[in-house]
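Participant: Given next are the chains, with one letter for each unit.
Protein chains: 2
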Amino acid sequence: MSALFDRHRPMLVSAQTALSDRGFWTPFPEIPSGKIYGETAKADAEAAFAALQGKPFDLPGHPETTRLGAEVSPWGPALGITYPAASAEALIAASAAAAGAWAASSVETRTGICLEILTRLNAQSFLLGHATMHTTGQAFAMAFQAGGPHAQDRGLEAVALAHAEMTRFAPRADWIKPQGKAAALEIEKHWTIVPRGISLAIGCNTFPTWNSYSGIFASLVTGNPVIVKPHPAAILPLALTVKIAREVLVEAGLPADVILLAVDQPGAEITKDLASDAAVALIDYTGSAQFGDWLRAHAGQAHLFTEETGVNTVTLAGTRDFKGMCANLAFSLTLYSGQMCTAPQNIYIPAQGIETDEGHKSFDEVAAGLKEAIGALLTDPAQGAAVAGTIANPATLARAAAARDLGTVLRESTALPFGRSATPLLLVVDAASSTAHEDEVFGPVAFLIRVADADEGIARAADLARRKGAITAAIYDTKEERISRAIARFAQAGVNLSINLTGNIFVNQSAAFSDFHVTGANPAGSASLTDTAFVAPRFTRVMWRRPISDRGQSPGGC
Amino acid sequence: MSALFDRHRPMLVSAQTALSDRGFWTPFPEIPSGKIYGETAKADAEAAFAALQGKPFDLPGHPETTRLGAEVSPWGPALGITYPAASAEALIAASAAAAGAWAASSVETRTGICLEILTRLNAQSFLLGHATMHTTGQAFAMAFQAGGPHAQDRGLEAVALAHAEMTRFAPRADWIKPQGKAAALEIEKHWTIVPRGISLAIGCNTFPTWNSYSGIFASLVTGNPVIVKPHPAAILPLALTVKIAREVLVEAGLPADVILLAVDQPGAEITKDLASDAAVALIDYTGSAQFGDWLRAHAGQAHLFTEETGVNTVTLAGTRDFKGMCANLAFSLTLYSGQMCTAPQNIYIPAQGIETDEGHKSFDEVAAGLKEAIGALLTDPAQGAAVAGTIANPATLARAAAARDLGTVLRESTALPFGRSATPLLLVVDAASSTAHEDEVFGPVAFLIRVADADEGIARAADLARRKGAITAAIYDTKEERISRAIARFAQAGVNLSINLTGNIFVNQSAAFSDFHVTGANPAGSASLTDTAFVAPRFTRVMWRRPISDRGQSPGGC
Numbered sequence: 001m002s003a004l005f006d007r008h009r010p011m012l013v014s015a016q017t018a019l020s021d022r023g024f025w026t027p028f029p030e031i032p033s034g035k036i037y038g039e040t041a042k043a044d045a046e047a048a049f050a051a052l053q054g055k056p057f058d059l060p061g062h063p064e065t066t067r068l069g070a071e072v073s074p075w076g077p078a079l080g081i082t083y084p085a086a087s088a089e090a091l092i093a094a095s096a097a098a099a100g101a102w103a104a105s106s107v108e109t110r111t112g113i114c115l116e117i118l119t120r121l122n123a124q125s126f127l128l129g130h131a132t133m134h135t136t137g138q139a140f141a142m143a144f145q146a147g148g149p150h151a152q153d154r155g156l157e158a159v160a161l162a163h164a165e166m167t168r169f170a171p172r173a174d175w176i177k178p179q180g181k182a183a184a185l186e187i188e189k190h191w192t193i194v195p196r197g198i199s200l201a202i203g204c205n206t207f208p209t210w211n212s213y214s215g216i217f218a219s220l221v222t223g224n225p226v227i228v229k230p231h232p233a234a235i236l237p238l239a240l241t242v243k244i245a246r247e248v249l250v251e252a253g254l255p256a257d258v259i260l261l262a263v264d265q266p267g268a269e270i271t272k273d274l275a276s277d278a279a280v281a282l283i284d285y286t287g288s289a290q291f292g293d294w295l296r297a298h299a300g301q302a303h304l305f306t307e308e309t310g311v312n313t314v315t316l317a318g319t320r321d322f323k324g325m326c327a328n329l330a331f332s333l334t335l336y337s338g339q340m341c342t343a344p345q346n347i348y349i350p351a352q353g354i355e356t357d358e359g360h361k362s363f364d365e366v367a368a369g370l371k372e373a374i375g376a377l378l379t380d381p382a383q384g385a386a387v388a389g390t391i392a393n394p395a396t397l398a399r400a401a402a403a404r405d406l407g408t409v410l411r412e413s414t415a416l417p418f419g420r421s422a423t424p425l426l427l428v429v430d431a432a433s434s435t436a437h438e439d440e441v442f443g444p445v446a447f448l449i450r451v452a453d454a455d456e457g458i459a460r461a462a463d464l465a466r467r468k469g470a471i472t473a474a475i476y477d478t479k480e481e482r483i484s485r486a487i488a489r490f491a492q493a494g495v496n497l498s499i500n501l502t503g504n505i506f507v508n509q510s511a512a513f514s515d516f517h518v519t520g521a522n523p524a525g526s527a528s529l530t531d532t533a534f535v536a537p538r539f540t541r542v543m544w545r546r547p548i549s550d551r552g553q554s555p556g557g558c
Numbered sequence: 001m002s003a004l005f006d007r008h009r010p011m012l013v014s015a016q017t018a019l020s021d022r023g024f025w026t027p028f029p030e031i032p033s034g035k036i037y038g039e040t041a042k043a044d045a046e047a048a049f050a051a052l053q054g055k056p057f058d059l060p061g062h063p064e065t066t067r068l069g070a071e072v073s074p075w076g077p078a079l080g081i082t083y084p085a086a087s088a089e090a091l092i093a094a095s096a097a098a099a100g101a102w103a104a105s106s107v108e109t110r111t112g113i114c115l116e117i118l119t120r121l122n123a124q125s126f127l128l129g130h131a132t133m134h135t136t137g138q139a140f141a142m143a144f145q146a147g148g149p150h151a152q153d154r155g156l157e158a159v160a161l162a163h164a165e166m167t168r169f170a171p172r173a174d175w176i177k178p179q180g181k182a183a184a185l186e187i188e189k190h191w192t193i194v195p196r197g198i199s200l201a202i203g204c205n206t207f208p209t210w211n212s213y214s215g216i217f218a219s220l221v222t223g224n225p226v227i228v229k230p231h232p233a234a235i236l237p238l239a240l241t242v243k244i245a246r247e248v249l250v251e252a253g254l255p256a257d258v259i260l261l262a263v264d265q266p267g268a269e270i271t272k273d274l275a276s277d278a279a280v281a282l283i284d285y286t287g288s289a290q291f292g293d294w295l296r297a298h299a300g301q302a303h304l305f306t307e308e309t310g311v312n313t314v315t316l317a318g319t320r321d322f323k324g325m326c327a328n329l330a331f332s333l334t335l336y337s338g339q340m341c342t343a344p345q346n347i348y349i350p351a352q353g354i355e356t357d358e359g360h361k362s363f364d365e366v367a368a369g370l371k372e373a374i375g376a377l378l379t380d381p382a383q384g385a386a387v388a389g390t391i392a393n394p395a396t397l398a399r400a401a402a403a404r405d406l407g408t409v410l411r412e413s414t415a416l417p418f419g420r421s422a423t424p425l426l427l428v429v430d431a432a433s434s435t436a437h438e439d440e441v442f443g444p445v446a447f448l449i450r451v452a453d454a455d456e457g458i459a460r461a462a463d464l465a466r467r468k469g470a471i472t473a474a475i476y477d478t479k480e481e482r483i484s485r486a487i488a489r490f491a492q493a494g495v496n497l498s499i500n501l502t503g504n505i506f507v508n509q510s511a512a513f514s515d516f517h518v519t520g521a522n523p524a525g526s527a528s529l530t531d532t533a534f535v536a537p538r539f540t541r542v543m544w545r546r547p548i549s550d551r552g553q554s555p556g557g558c
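These protein sequence lines map, in sequence, to chains A and B. According to UniProt numbering, the first sequence is numbered sequentially starting from 1. According to UniProt numbering, the second sequence is numbered sequentially starting from 1.
Next up, chain A with everything else stripped away, as it sits in the complex (with noise of 0.2 Å):
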């Protein structure tokens, strides 16, 4: 039963290296090549995926009481796909019938088969790109990245440091306590990993597979059933993980019902069902604070580990390389039209600017640099898509035409020629009159916010963080003693940050393997992908311990 183990050991290993080292690595490569991936992959997965659409979508032996589903590709189509929809009841009596088995494999068994999943994931990588794409609005590439081998990178990670942290103490040891002159007390002992109970993944709208492989592998790998509920806008990429780790459970001979789709429709969601179950010991959640907080109050049985609403900052105090940084900067607010939760939102800028290498630029000359940056990325109509990809949401679309009236719009949000769109809104606001921006307003929005100066800026970016969440917080300046002061402030706030990015890194990044997504050390989330913290409560170890001379009463024992 561990063919599946050996064959991915040296995989494990070396991610378990890189856990502990925090230099760059990933198994699974992140350019879109046939080289790479096949010559084939790129026109199989296109075939694959027309033929998916207008379809049921096969799930074999899934619990099913009516078919739903309603996706709309953001960029235009309707997919057309119908998935098995089951009650909450129904699910979590299925999840309970598999944990059983599930409990009861080895470590080895389901790290294994847990590498295996990520292993088919990858090789599906340009489906689950194009899946991706049309659930979230991204773009073809940031779809086929952060839809395929960066969130398997994740789910890889969470294997890795939960396989460590369950082989971390003896299995079994000989307790042998010395006695003086008389003989030693000697027992041995044996522990058992132990699973919590059937564990829920919630997953979001704008990274459905990122978002959710980090705690569907945590949970599968500790010995817990997972049930799977995808945002109703964006069920495909988790299908198809679901369909292809029922796939590789069933041919390990276990139960496939050990990993479950839970689909609904919008306005009849059964989330609140499934959360608040007794049988739900574990929920990893991503979405708005104001459902973070249902489930605190309402699925206390539950260990919650979450992802929520928070108020990226950037504070700009100075640069040696303008251009570079407005570019930087700019990039980052368009990039996936700010629907990514390590998108910034606030900008403070010194109401007396900034020293810059083009000499001192005031507060509406580095305003404009950000406009003038912003317009470069997007005077190319379809090289702008290839960036801002579209709007996940309609109701994103509406809050930011919403926004115009939160402050002074320097830049108005524009549709591109392609499907549900918006570039980046950009509103000036003063710190001292304004608290429009201390708000999550998720999407293409952006606050340039003027402080009286560059502490100013520093001070309220991080007791934003600490008050109402961050998971990001950049800064840009050249004199090294505020910067110090800088790290020590955001490091209080429980918030990354990221100084003088420019170039090709980007304060939205986070590579597993390196970053800690999320600290979990303020209000945007509890959960930290990821850390011992995010793996450790997933599993118990229970202990049988018998004398020594016991055993060797009953020699076939035991």
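Errors might be hidden in some of the hints.
If you want a taste of the chain B side facing chain A, the calculated C-beta under 7 Å gives, among others [unchecked claim]:
hint, residue
1, Phe-24
2, Trp-25
3, Ser-33
4, Thr-167
5, Ile-176
6, Ile-187
7, Arg-482
8, Arg-485
9, Ile-499
10, Ala-521
11, Pro-523
12, Ala-533
13, Val-542
14, Met-543
15, Trp-544
Simulated DEER-style distance windows between Cβ atoms [claimed, not checked]:
hint, chain 1, residue 1, chain 2, residue 2, range
16, B, Ala-402, A, Gly-253, 52 to 58 Å
17, B, Ala-401, A, Gln-290, 51 to 57 Å
18, B, Ala-297, A, Thr-408, 44 to 50 Å
19, B, Ser-362, A, Asp-6, 51 to 57 Å
20, A, Gly-253, B, Ser-362, 45 to 51 Å
21, B, Thr-40, A, Glu-481, 54 to 60 Å
22, B, Gln-179, A, Ala-376, 17 to 23 Å
23, B, Glu-251, A, Glu-372, 55 to 61 Å
24, B, Lys-55, A, Ala-297, 26 to 32 Å
25, A, Gln-290, B, Ala-183, 42 to 48 Å
Chain A is nowhere near these chain B residues, computed Cβ spacing over 12 Å in every case [as the list claims (entries may be wrong)]:
hint, residue
26, Val-107
27, Pro-255
28, Asp-430
Rather than coming from a laboratory, the hints here were simulated on the basis of the structure. By construction, the Cβ of each residue, glycine as well, lies at the ideal position given by its N, Cα and C atoms.
Since the structure of chain A is provided, determine the placement of chain B on it from the hints.
Facilitator: Only chain B this time, still in chain A's reference frame:
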């Protein structure tokens, strides 16, 4: 600042190795001998304990608006010691004021300080023994061990695992991502350990140090200031602990208020005010499930680690050593009069009796064997008192008296001629007609429960653990096949199982570095001493990252 760390590093390394291996290990000898602790240690401690009584307890610089304390030894005398006391608000403010300096100290500094505190506590084990004896009512030998070295073991275990966890991942890394023919992306990343916030340790009456040190030291070493809230009847052992810790902190140039003592009075406890304060981020709690429920409902802002109510069981299915079994169980039932959280309460015995090395024994013969073995332990009153100790809390005595009505009395609870004492009450009930034994009756009360056969006993014991919680389970059996089934059943119920214990190994015993105390997998508690889930959530990691090229621009910086 890491001189203490360097001094104690060998102990830390040995502790981390022991944690991995799970064999017997301790640096803190459990034998109260002058040869180990110094020829004058015993006399010095007696003098020191005498000098403490009837006086205000000296805690230099501690917040103090009044003096409180009314401890009375269960062995007789009132201690007459008063402690500095202040409002919850004042304690929180003092703790918050000390937090910054403690968080800013390095992992090595904090680890060195914690190890120094433990070493000094160890040197004071005789005094801690007296303090424990005269607050918990334990006999001296047990009070010395449980209040001294065994508690210190648990503290060291927490420090060792938390240190391993804080240093598990590289504290800095160069992340270098190849870009084909273009220049690689190069970022340096740095991670800071950021503590959670104020930590509250809520102690219990029976094991004030043993049950509190894990949480206190896990929180301290990870950078959180700790408020120690002792049970009003068992303040002194924790007051001595806090005093020694404050001395070490001050010597290291850190604020004494990193650790505070929260003394209150019965009926005017400040525990709820402390626990529900927004600044309290971590709570370690030992006590009733009733107050555990209150904490879950009202202290949702904090991460909660608990040990709560449970019902421990023994299932008798057969034995190759009837006398040894009865003697072993008699000791477990009598030791500290059933006031250990690990003491058995329910003993399931087949109605048809069991097979033994002395031939078949009927239910009544088994019951009589247990009764006689308890009697034998107590024949000599002084020796009996050395095992049974006294009753910590008068309410326990009242509970044992009221319990007479819950079944047929097989053995009356009687007083020993020392202090407030009570020997085990043995009650016989029938599993088919009674549920009285299904709730915890804390203290010297045990139920002998008639079941149809051993398998019913196993099923009922495991089911009760799952429903009501249990910290220990035991079985005596000679059939290996049934033992294997029991192992699986109790593992599913999330309770540690001891098999066929005779001689000087008892189900009550839980050894640091080897036994995980409480599994966290049933209602008897959410925390396991000490697994990774106990230490990892006490801190987070926060990063700053910066292009390596940018570092080059400012040679003197960062």
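Participant: Does each hint hold? Answer for all of them.
Facilitator: These are the hints, each one checked on the structure:
1. Of the supplied interface hints, the one on B/Phe-24 holds, with its beta-carbon coming within about 5 Å of a beta-carbon of chain A, less than 7 Å.
2. Taking 7 Å as the C-beta cut-off, the interface hint given for B/Trp-25 is violated, the closest approach to chain A being about 9 Å.
3. Annotation: B/Ser-33 was flagged as interfacial toward chain A, and the flag is violated, the nearest CB pair being 11 Å apart, outside 7 Å.
4. Given hint, B/Thr-167 at the interface with chain A, is violated; its Cβ is 10 Å from that chain's nearest Cβ, farther than 7 Å.
5. A hinted interface residue such as B/Ile-176 counts as satisfied when its beta carbon comes closer than 7 Å to some beta carbon of chain A; here the least separation is about 6 Å, so the hint holds.
6. Below 7 Å, beta-carbon pairs count as interface contacts, and B/Ile-187 has one with chain A at about 6 Å; its hint therefore holds.
7. For the restraint placing B/Arg-482 at the interface with chain A, the shortest Cβ-Cβ distance is roughly 11 Å, beyond the 7 Å limit, so the hint is violated.
8. Because the closest C-beta pair between B/Arg-485 and chain A is about 12 Å apart, greater than 7 Å, the hint is violated.
9. Taking 7 Å as the C-beta contact cut-off toward chain A, the hint placing B/Ile-499 at the interface holds, the least distance being around 4 Å.
10. A distance limit of 7 Å between C-beta atoms decides the matter here; for B/Ala-521 the minimum to chain A is near 4 Å, and the interface restraint holds.
11. Interface restraint check: B/Pro-523 against chain A, minimum CB-CB distance 11 Å, threshold 7 Å, status violated.
12. For B/Ala-533, the interface hint holds, the least distance from its beta-carbon to any beta-carbon of chain A being 4 Å, beneath 7 Å.
13. Nearest Cβ of chain A to the Cβ of B/Val-542: about 5 Å, under the 7 Å cut. The hint holds.
14. For B/Met-543, the interface hint holds, since its Cβ comes within 7 Å of a Cβ in chain A; the closest pair sits about 4 Å apart.
15. The criterion of a C-beta within 7 Å of any C-beta in chain A is met by B/Trp-544, whose closest approach is roughly 4 Å, and the hint holds.
16. At roughly 55 Å, the beta carbons of B/Ala-402 and A/Gly-253 sit within the given window of 52 to 58 Å.
17. In this structure the supplied range 51 to 57 Å holds for B/Ala-401 paired with A/Gln-290, their Cβ-Cβ distance being about 53 Å.
18. For the hinted restraint 44 to 50 Å between B/Ala-297 and A/Thr-408, the CB-CB distance of approximately 46 Å keeps it satisfied.
19. Against the hinted window of 51 to 57 Å, the Cβ-Cβ separation of B/Ser-362 and A/Asp-6 comes to about 54 Å, which satisfies the hint.
20. Between A/Gly-253 and B/Ser-362 the CB atoms are about 47 Å apart, so this pair conforms to the stated range of 45 to 51 Å.
21. The hinted range of 54 to 60 Å is satisfied by B/Thr-40 and A/Glu-481, whose Cβ atoms lie roughly 55 Å apart.
22. Judged by the Cβ atoms, the range 17 to 23 Å given for B/Gln-179 and A/Ala-376 holds: they are separated by roughly 22 Å.
23. In this structure, B/Glu-251 and A/Glu-372 meet the distance hint of 55 to 61 Å, their C-beta atoms being roughly 60 Å apart.
24. Taking 26 to 32 Å as the suggested C-beta distance range, the pair B/Lys-55 and A/Ala-297 does not conform, at roughly 49 Å.
25. At roughly 44 Å, the beta carbons of A/Gln-290 and B/Ala-183 sit within the given window of 42 to 48 Å.
26. At roughly 14 Å from the closest C-beta of chain A, the C-beta of B/Val-107 stays outside 12 Å, upholding its exclusion from the interface.
27. Annotated as non-interface, B/Pro-255 keeps its C-beta farther than 12 Å from every C-beta of chain A; the closest such distance is 17 Å.
28. With a least beta-carbon separation of about 28 Å from chain A, B/Asp-430 lies farther than 12 Å from that chain, consistent with its non-interface assignment.
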